[in-house]
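Colleague: Respectively, the protein sequence lines represent chains G and V. Just so you know, we're using full-length UniProt numbering here: the first sequence kicks off at 1 and counts up by one. Just so you know, we're using full-length UniProt numbering here: the second sequence kicks off at 1 and counts up by one.
Be aware that one or more of the hints could be misleading.
[As the list claims (entries may be wrong)] No more than 20 Å apart at the CA atoms, straight line, and that leaves these computed lysine to aspartate or glutamate pairs for DMTMM-like:
#1 V/Lys167 <-> G/Asp265
#2 V/Lys226 <-> G/Asp265
#3 V/Lys165 <-> G/Glu238
#4 V/Lys145 <-> G/Asp160
#5 V/Lys145 <-> G/Asp265
#6 V/Lys226 <-> G/Glu168
#7 G/Lys222 <-> V/Asp192
#8 G/Lys264 <-> V/Asp29
#9 G/Lys222 <-> V/Asp214
#10 V/Lys173 <-> G/Asp160
#11 G/Lys222 <-> V/Asp144
#12 V/Lys205 <-> V/Asp117
#13 V/Lys145 <-> G/Glu184
#14 G/Lys173 <-> G/Glu184
#15 V/Lys173 <-> G/Asp132
#16 V/Lys226 <-> G/Glu248
#17 G/Lys216 <-> V/Asp117
#18 G/Lys264 <-> V/Glu95
#19 G/Lys173 <-> V/Asp144
#20 G/Lys222 <-> V/Glu98
#21 V/Lys19 <-> V/Asp29
#22 V/Lys167 <-> G/Glu248
Source of the hints: derived by calculation from the structure; they are not laboratory data. On a predicted model such as this, the values are computed, not experimentally measured, just so you know.
What follows is the residue order along each chain.
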Amino acid sequence: MNTVTNEELENFVESEISSEALVHLKRQAMGGANNAKGNQHEQYFAVYKIAKFYQIAKNDDIEVCSQSYAFVDDLVILNRTTSSKHSYQLKDSKRVYWNGGKGIAPYFRKQNQLDKELYDLDNSEVVLVLADINVYRSRCKDIPSSISSYTRCINFKNPDSVNQMLMENQDFKAAVGRLCVSSEQIDKLEVIVQHLLGAWSAFGQKNVKISSIINKAREVAKPNFFKSEVVDPDEAKEIPLEVLDSIEGLSYELCEGFLHYSYKDSFQGQVKPRVGTNQFKAICNEIRIKKPTKAIELITLLMSTGENL
Amino acid sequence: MKRPALSRIYKNPDDHHAKRLLDELLGSDISAPDYQRSMLNIGRHLGNELKHSLDRDKTYCLVVTAEDADFLAKGIVESLEDYTKALYLTCFWNERSEVNGSSVAPIYNTYFENGYDSADELIVIKSIISGSCVVKTNITALYDKIQPAAIHVVAPVMHTQSEQKLKLQFPNKIANLLDFTFLAKDSERTSDNEVLPGIGGDVYKRLGFKNQQDKNTFIPNIIQQKIFASC
């Protein structure tokens with residue numbers, strides 16, 4: 001892929017496309033920056049794509065950028081390893097058309113031209129992301145044939161809250177779930193989403209590697225429900241199994257670095273500190289010292305944070 | 001000394017009993033046992049109010065937090081136990097915090113009474129509803145397991161915007177199931193989301209817990225009696 005300055009981009013647009021196109025490009029960059037502030041739809045979509053691309057191409061060199069200097073600019077994902085680019089235009093409106101006065105097809109065409117001819121990318125995909133299901137269905141049906149080889153539409157709703165998004169959008173939930181120690185528990189997934197939103201925002205949403213966003217979110221996460229990258233095969237050694245096994249009706253299991261327990265199938269919990277942390281060790285030591293013989297005594301110790309023991 | 005009642009709207013201005021019960025919570029010199037007793041009495045009163053929204057032939061799943069179980073929730077249970085076909089108790093230990101400027105309340109422990117998932121409707125009990133984060137989290141955790149036909153949210157005091165805020169947390173089909181039983185709504189709130197005058201301050205401390213961590217290692221008596229009695 002070619003590295004191009006803004007000036008070179010403007011020169012190319014003016015000479016190879018048109019002066020009018022350059023005016024559009026500049027206007028779009030200005031408007032986009034204004035709209036980007038607080039744009040929830042874009043934020044949620046960015047988190048969805050960050051989580052998804054991290055899973056499907058974890059070892060690739062992938063950059064993500066919001067409001068880039070481009071014709072299709074709401075979110076751009078550039079995979080340098082495969083020389084491919086995905087440019088997303090998000091619309092939460094009922095009035096979205098390919099052609100006509102405010103039609104978006106010309107922008108898609110110009111974006112593909114830039115990607116192929118100026119940036120010299122092997123693959124360029126331009127995607128219209130529609131919040132409204134009916135608009136999505138309509139625009140899928142009438143993608144102009146001149147752009148259809150590199151254009152597609154997807155439906156991505158713009159709900160009022162992260163909780164609603166996780167309840168309604170199973171793809172979003174699955175993408176975030178693959179990063180989480182409890183992929184089905186929305187209370188934990190919501191925490192992961194908030195940490196990803198925070199990390200994406202902390203990087204200024206500009207040309208940042210997806211791995212850096214995930215690592216940053218993981219680093220600052222508190223509470224931390226991110227899956228561990230490394231699993232310690234000896235992690236179970238410190239657990240006082242002899243005490244746990246002596247309590248009738250108690251079952252337990254290690255799952256993604258956390259100790260889960262259940263008593264008579266009706267009381268369930270998870271030890272707050274991750275296995276291997278000093279706080280977890282403190283809880284285990286306390287159990288060894290006190291040697292609880294009653295379920296309620298043991299469970300009360302398992303419920304502690306391990307910080308004041 | 002009682003705090004001045006700020007901008008408070010009572011659900012029923014003629015319900016002097018409710019006013020007196022809520023006023024009891026505002027006393028700064030009230031001891032933890034007295035505060036617990038007031039919450040129990042408020043629960044009994046709210047339980048009677050709630051009967052208007054319930055069907056005697058239906059079964060209900062009570063959704064409570066660890067701090068409310070022995071006091072507010074116990075009072076509601078006392079009022080309802082012979083009124084409905086069945087009541088099943090569920091209890092949640094949430095830990096509330098701020099992440100990226102938003103409230104989250106992940107669940108670390110749960111108690112689900114046998115049969116809870118056969119309930120027809122949910123009754124969600126909370127001593128105060130401000131940002132509605134805990135209520136939202138616990139409804140979400142149970143919704144798919146129960147698929148309730150209605151979700152009754154019950155609290156002595158709510159912030160005036162909480163109802164709308166809670167509805168925004170759910171898809172329409174779930175938001176439309178929510179109904180609210182309360183005694184008063186307050187419109188003032190501190191920057192920490194504490195409703196004023198609300199229920200007289202930090203409910204953990206008023207009930208006698210040291211802090212959130214402390215209440216999260218506490219197993220309410222109502223639950224101890226159900227599962228640990230013979231251990």
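Colleague: If a hint holds in the structure, say so; if it doesn't, say that too.
Modeller: Right, here's what the structure says about each hint:
1. The suggested pairing of V/Lys167 with G/Asp265 is violated, with an alpha-carbon distance near 32 Å, which exceeds 20 Å.
2. For the hint linking V/Lys226 to G/Asp265, the alpha-carbon distance of about 13 Å falls within 20 Å, and the restraint holds.
3. With a CA separation close to 44 Å, the supplied pair V/Lys165 and G/Glu238 exceeds the 20 Å bound.
4. Proposed proximity of V/Lys145 and G/Asp160 is contradicted: the alpha carbons are some 23 Å apart, above 20 Å.
5. Restraint check for V/Lys145 and G/Asp265: satisfied, since their Cα atoms lie roughly 15 Å apart, inside the 20 Å limit.
6. Proximity of V/Lys226 to G/Glu168 is assessed by CA-CA distance (about 35 Å); at most 20 Å being required, the pair is judged violated.
7. The suggested pairing of G/Lys222 with V/Asp192 holds, with an alpha-carbon distance near 19 Å, which does not exceed 20 Å.
8. Taken as a hint, the G/Lys264 and V/Asp29 pair is broken in the structure, with Cα atoms around 41 Å apart against an allowance of 20 Å.
9. The hinted pair formed by G/Lys222 and V/Asp214 meets the criterion: a straight-line CA distance of about 19 Å does not exceed 20 Å.
10. Using a Cα cut-off of 20 Å, the hinted pair V/Lys173 and G/Asp160 holds, with the two alpha carbons roughly 14 Å apart.
11. Taking the CA atoms of G/Lys222 and V/Asp144, the gap is about 27 Å. The hint is violated against a cut of 20 Å.
12. Restraint check for V/Lys205 and V/Asp117: the C-alpha separation of about 33 Å exceeds 20 Å, so the hint is violated.
13. Restraint check: the Cα-Cα separation between V/Lys145 and G/Glu184 comes to about 12 Å, which is no more than 20 Å; the hinted pair holds.
14. Straight-line distance between C-alpha atoms of G/Lys173 and G/Glu184 comes to about 8 Å, which keeps the hinted pair within the 20 Å bound.
15. With a C-alpha separation of about 17 Å, the suggested pairing of V/Lys173 with G/Asp132 holds against the 20 Å cut-off.
16. Restraint check: the Cα-Cα separation between V/Lys226 and G/Glu248 comes to about 16 Å, which is no more than 20 Å; the hinted pair holds.
17. For the given pair, G/Lys216 sits about 39 Å from V/Asp117 by alpha-carbon distance, which is inconsistent with the 20 Å threshold.
18. Of the pairs offered as hints, the one joining G/Lys264 and V/Glu95 is violated, with about 24 Å between alpha carbons and a cut-off of 20 Å exceeded.
19. Proposed proximity of G/Lys173 and V/Asp144 is supported: the alpha carbons are some 15 Å apart, at most 20 Å.
20. Annotation: proposed proximity of G/Lys222 to V/Glu98 holds, straight-line Cα distance about 9 Å (limit 20 Å).
21. Of the supplied pair hints, the one linking V/Lys19 and V/Asp29 holds, its CA atoms being roughly 18 Å apart against a limit of 20 Å.
22. Taken as a hint, the V/Lys167 and G/Glu248 pair is broken in the structure, with Cα atoms around 43 Å apart against an allowance of 20 Å.
Of the numbered hints given earlier, the model fails hints 1, 3, 4, 6, 8, 11, 12, 17, 18, 22; all others are met.
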